[in-house]
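2 protein chains.
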Amino acid sequence: MRKTAVVGAAQTPFGKLYERDTRDLAEEAVFKALKDAGARPSDIQVAFVGSGGMDPTTPMMIGQIALEQLGIKGIPITRVENACASGSNAFHLAWLAVQTGMYDVALALGVEKMSTPTPEQARMAMRLGGGDALLEGSMGLFPPGIFAMIAQIYMEKYDCRREDLAMISVKNHKHASLNPLAQYQKEVTLEEVMNSRQVAYPLGVLDCCPISDGAACAIIASEDAVKRFSSKPVWIRASVQVSGTYEDLDDLRPDTTQRAGFQAYEMAGVGPEDIDLAEVHDCFTFAEIMHYEDLGFCNLGEGARYIREGKPFLGREKPVNTSGGLLAKGHPLAATGIAQVYEIVQQLRGQAGPRQVEGARIGLTHNGGGFRHGDVGIVTVHILER
Amino acid sequence: MRKTAVVGAAQTPFGKLYERDTRDLAEEAVFKALKDAGARPSDIQVAFVGSGGMDPTTPMMIGQIALEQLGIKGIPITRVENACASGSNAFHLAWLAVQTGMYDVALALGVEKMSTPTPEQARMAMRLGGGDALLEGSMGLFPPGIFAMIAQIYMEKYDCRREDLAMISVKNHKHASLNPLAQYQKEVTLEEVMNSRQVAYPLGVLDCCPISDGAACAIIASEDAVKRFSSKPVWIRASVQVSGTYEDLDDLRPDTTQRAGFQAYEMAGVGPEDIDLAEVHDCFTFAEIMHYEDLGFCNLGEGARYIREGKPFLGREKPVNTSGGLLAKGHPLAATGIAQVYEIVQQLRGQAGPRQVEGARIGLTHNGGGFRHGDVGIVTVHILER
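In order, the protein sequences belong to chains A and B. Numbered continuously in our numbering, the first sequence closes out at residue 387. Numbered continuously in our numbering, the second sequence closes out at residue 387.
Among the hints, erroneous ones may be present.
In this list, chains with the same sequence are indistinguishable; a pair is considered to hold if it fits within one copy or across any two.
What the hints assert, rightly or not - In the SDA-like style, the derived pairs of lysine to any residue whose C-alpha atoms are separated by at most 20 angstroms in a straight line are:
#1 K33 to R163
#2 K319 to D25
#3 K158 to D25
#4 K187 to F314
#5 K4 to T101
#6 K36 to Q264
#7 K312 to S231
#8 K33 to I212
#9 K158 to E318
#10 K4 to G102
#11 K4 to M103
#12 K228 to E157
#13 K175 to D225
I should point out that these hints are in silico values taken from the structure, not numbers from a laboratory.
Required output: the full structure, derived from the provided sequences and hints.
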């Protein structure tokens, strides 16, 4: 395996940015990532652009359109879509392209504009809905319902209370209050989460990630090429992408994250105990609790206790979602996976300001997308080291 | 560069297949490609699925959904979109994945369902329209108009008459009449093309590719893995993807194909004179004439003479679009690039039946997509050898 590093990373503000469009957001993220790396557009040899296509004004071939504005053209540019993990899929392919030895410098961009409400938008939500409009979607199974069902089974079987779920939202909003790029930079109380408008029991609206606009960009370089850039490299120790297997699901619980996490730890030669901080796919509060266990941060059934004991809070044992996560930083689909990388890069460089994890050396990102027969469609896990 | 081969390829019938849907088409193509290779679903280690998303019932994450039906799951699966070249983009990435050495067997699928007319469909056509709805699209510049403009300038400057354009359609329909998977298996006369309903002068409706449904699939293996399969390998000598540069366009003429062709010849270590047959992106009759020149089959300005002299007809010097091409075989966007590979594979194996090119040893595929500032957004060129 070729040694590779992130040499540039950037994120736009996330939020309902009604006055901005897909190109504008993409331009800002790419410009800032180039600047962060000290790179010129001509340094980029291959590019992958994640887009869920949620914006009705997004044309086909958005990759070329978004990058041409900044003079990145002529090179192979591919748009990828993989539901909520479109961004980390693009990042994984940029890494894969460098692994061939044919390219030394690759760019990954993720951009999504979701706040423009149109009939198309509503239909796209349906399309996204249960993962498969003709299967889960036809039964009215939207993501909140799916996660609520898994949560209910889990809460009957293990020591997990409604309050534990709410605590995840409290934590991530607290972290987001320290992140100037987050959608909601405001703390919420346990009572506010518990009393928030119910979406699908046990999940209230403050247990669900919002509708967001935003973009994020990362530039990857091979070891040889790292010195071309002015930034401090953050090494990619593992890049893993898996799909669902849709079989033998115990308690409806998807096993995609466990498989991806296992492969990533093996590739990086580290274990969960070596991870100093993580950005985890908290599309719903319950999901984060489940993923503590899936990623080996605690044992099966102990996820609720993990948050109850405060271990994933900033300043504690293993901070999770210091950026605010999907719940509070926001979740513009294809931007999310790369924004997770941006957060870890900032942390490992010691540039995370008031939300800095002291002494952080190794960080993990976990991004999931789509549903199918009750299993998650795609999970990517990346392990980065300074 | 790792030596790789196509070990399985398949195509569904192309046409307005009202009774079939995206999954059904995908299933047929993948099933037949597996059968062609003598492969099991578990042999596939990584997959790329091209989809332009033209079907309003196509959900996100169509890659996993399409492949899961046949038991291909768990592995990394990525949906890619790159307008009319989405399929060859998927094929290129499957090849690239094998180049890393991390994978030995990769699958590329392209599937498109375009015949279901809905408001969404109409809007998608707009989206596709000028390549960029906010730029060319806003000026009413749809693909036929763009190609008609380039054709008019070309016809003023070079020896090219309306009849020469029409002859391309005559040739490709003649070839399609020998292809049981083609959308239009019926010859047309020069007069019929010349008198066909005008779309944008000089292009009539028989100068334009149709709306089509269909799917195609290819399985790629590294040299080491080739022996696992029962088929005769067809070697991939070059796989090239480029984007537009959008600058210094002479006579509005895109230079993407020239750049991609040049790189492909260099990678394969062959020249245009070594190509025995080619599948070329004949979205409009004029495009094929231009591409004869771009790919070096003849000199600049001599494309019309090339068809007038009959050289690209089956049985003559260098048959082009023996499958019937986009014009007569049909053009289900993301299926096209892989269907081109299927045709060349059939020919190089000597399995093309009544349209067999005798003694064919080296074949080329050329697939383009999208427009931006008058330049083509993406071009891929593949060179295959038996």
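Checked hints:
no., hint, in the structure
1, K33 to R163, "neither (41 angstroms within a copy, 50 angstroms between copies)"
2, K319 to D25, "neither (35 angstroms within a copy, 47 angstroms between copies)"
3, K158 to D25, "neither (47 angstroms within a copy, 40 angstroms between copies)"
4, K187 to F314, "within (16 angstroms within a copy, 70 angstroms between copies)"
5, K4 to T101, "both (12 angstroms within a copy, 13 angstroms between copies)"
6, K36 to Q264, "neither (33 angstroms within a copy, 30 angstroms between copies)"
7, K312 to S231, "neither (35 angstroms within a copy, 55 angstroms between copies)"
8, K33 to I212, "neither (24 angstroms within a copy, 41 angstroms between copies)"
9, K158 to E318, "neither (26 angstroms within a copy, 73 angstroms between copies)"
10, K4 to G102, "both (11 angstroms within a copy, 14 angstroms between copies)"
11, K4 to M103, "both (14 angstroms within a copy, 14 angstroms between copies)"
12, K228 to E157, "neither (54 angstroms within a copy, 52 angstroms between copies)"
13, K175 to D225, "neither (40 angstroms within a copy, 54 angstroms between copies)"
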